[in-house]
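Listed here are the chains, written in short residue letters.
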Amino acid sequence: MIYRMSAAFLSLAGLFISGYLYLYKIGRIGSLACGTGGCETVQLSSWSRFAGLEVSLIGVLGYACLLGLSLASLQAGARQWPIRAIAVGAGIGVVFTLYLTYLELFIIHAICRWCVASGVIIVAIFAAALLDQRRQLRTRVS
Amino acid sequence: MAANQAGMKRFYAVFGAVAVIGLGALAYLTTRPQTISIPANVTVQPSDTSGFRGYLKGSPDAPVEITEFADYQCPFCQTFATLQMPTIEERLINTGRLRWRYRDFPLQQHSFSRLAAHSAACADEQGKYWEQHKRIYEGQTEWATTRDAAPMFRRYAQAGGMDLRRYDGCMKAGKYAGRIQASLDEGIQLGVNSTPTLLVGNKLYRGRFDSDAITKLVDSLAPRRAQ
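Here the protein sequences line up with chains A and B, keeping their order. According to this note's numbering, the residues represented by the first sequence are 1000 to 1141, in order. According to this note's numbering, the residues represented by the second sequence are 31 to 257, in order.
Treat the hints with care, since some could be wrong.
Claimed, not checked - Listed below are the simulated DSS-like cross-link pairs for lysine-lysine, each with C-alpha atoms no more than 25 Å apart in a straight line: (1) Lys1024(A) to Lys202(B); (2) Lys1024(A) to Lys164(B); (3) Lys87(B) to Lys233(B).
To be verified - Far from chain A, some chain B residues (derived; all Cβ distances over 12 Å): (4) Pro90; (5) Phe106; (6) Gln138.
In short, the hints are calculated from the structure, not lab data. Where is the CB? At the ideal position from N, CA and C, for every residue including glycine.
Isolated chain B, as found in the complex:
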């Protein structure tokens, strides 16, 4: 009986130790620093922006161009991208009436904005910018509340069939940090101070927009031809 009790004591001691080690390992995994971070306020090099003026969608011959300054972690930008953009694309971009230019404007208060913008930039290297852009916005509620969004963006890249080795290399190198900073600086110079902000000609439009408002705006700038 005594031997049995001693055996049980030893069992509980070892069991407790294993439980503590396991819990410690899980706690470490959930609190370790972020795997990747994209630095802010980097010095912009001329090579960061050479030939790059935002991500374009639509015909180069479209009569109207709208530049959107947006932040991947901004909820209004997300609503706009997921609910309004499909209609805008169908009505205006695909019909050749509008060209859309997307510029990054990562707000300081959003911890993953630059990372998201950088993930999309790395996807652009593989010709998958708009797919990644869509996935990032669609998944905003999922990644914005995590402690480390980088793995989620990587999952989107994987789901989009990207070469992950190339994607990882691009992310780890922070290759487009300067480009994102340049886009932000340019927005600030133009007077952008919130997202989403649209630039049409020299005029800035701030606030919430819907597809009807954009259609009216395009109609006013380039009236439809009579059918």
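So here's chain A without its partners, still in its complex pose:
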């Protein structure tokens, strides 16, 4: 359960971070709390949109799904599908994060701390989902 609880907390944190970045992008928040100034550079670049959507909005939707799945996985008697779905979803998120990090490092040449935090969170959710799967597997074998 500890891994699923962790996934729920991490998803909530990711939801707040991406929500914060999205509110900034649509002009609902003054300026970003970002010591380096790189956050604004990244958020204002043409790369801040993907497939016609704000990347931060994709984050909001993705983390909301992961949060829902994490809470579903915590319900008594829950089957394995929610945690498997988290592993798949977070895995896609990790790949997407790698792509965004590549853009920050080599194309935009600016690092957004909030994006780094989100990257760490998605990797941690992925790891939690995998560890939960491994534990389930071991329990079944023993």
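Got chain A; can you put chain B on it based on the hints?
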């Protein structure tokens, strides 16, 4: 089992608390007061207007000068600036037939007009007035509906390659509030009561204009030389 249930209860309690704190923080960020505001009705000092008579575009030798009194948040001014001005520039200003003078006339009902005018004035300090002017008008639909337009204007300044430290200092000090007020006062004295209003000689032209109407006006005042 009981221990497990107690653990879940504790989890939901902590989770709920974190969710409430996070939502509260986001709600605070979206409702906090504007970061910068430019005061209205400031007392105009002589230094506010010394040597300043609007933002100029075009040759000083142009035979015709048009002064535009406009408001950055006015939709007609935006349409004029983005759709008609490029043609006017190409046909008349760049060919040396017309000089354009832009004066701020921030209408009271527009909450970000003065801020926009001030942002452009701060850009002028860095020789980037017309770039910022263009960006502000082009982005009007974006910033006019936000709760705080200052960060958007700052983004335009950043996109224009301005020294942001200098820009921020200028904005926070409200350095050009008096200049904007002086421009508004002068417009009122001349009889301007809506935007955009054009002043040609001593005559005011109100309403919507297009590039053809401006070309005709310039032609009537300074006929083209035969080629």
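For each hint, the structure was consulted:
1. Lys1024(A) to Lys202(B): Status holds; Cα separation ~22 Å.
2. Lys1024(A) to Lys164(B): 20 Å, holds
3. Lys87(B) to Lys233(B): OK: lysine 87(B) and lysine 233(B) at ~20 Å, within 25 Å.
4. Pro90: At about 37 Å from chain A, proline 90(B) clears the 12 Å cut-off, so the statement holds.
5. Phe106: About 23 Å separates phenylalanine 106(B) from the closest Cβ of chain A, which puts it past 12 Å; holds.
6. Gln138: 22 Å, holds
Violation of the numbered hints given earlier is absent; every hint is satisfied by the structure.
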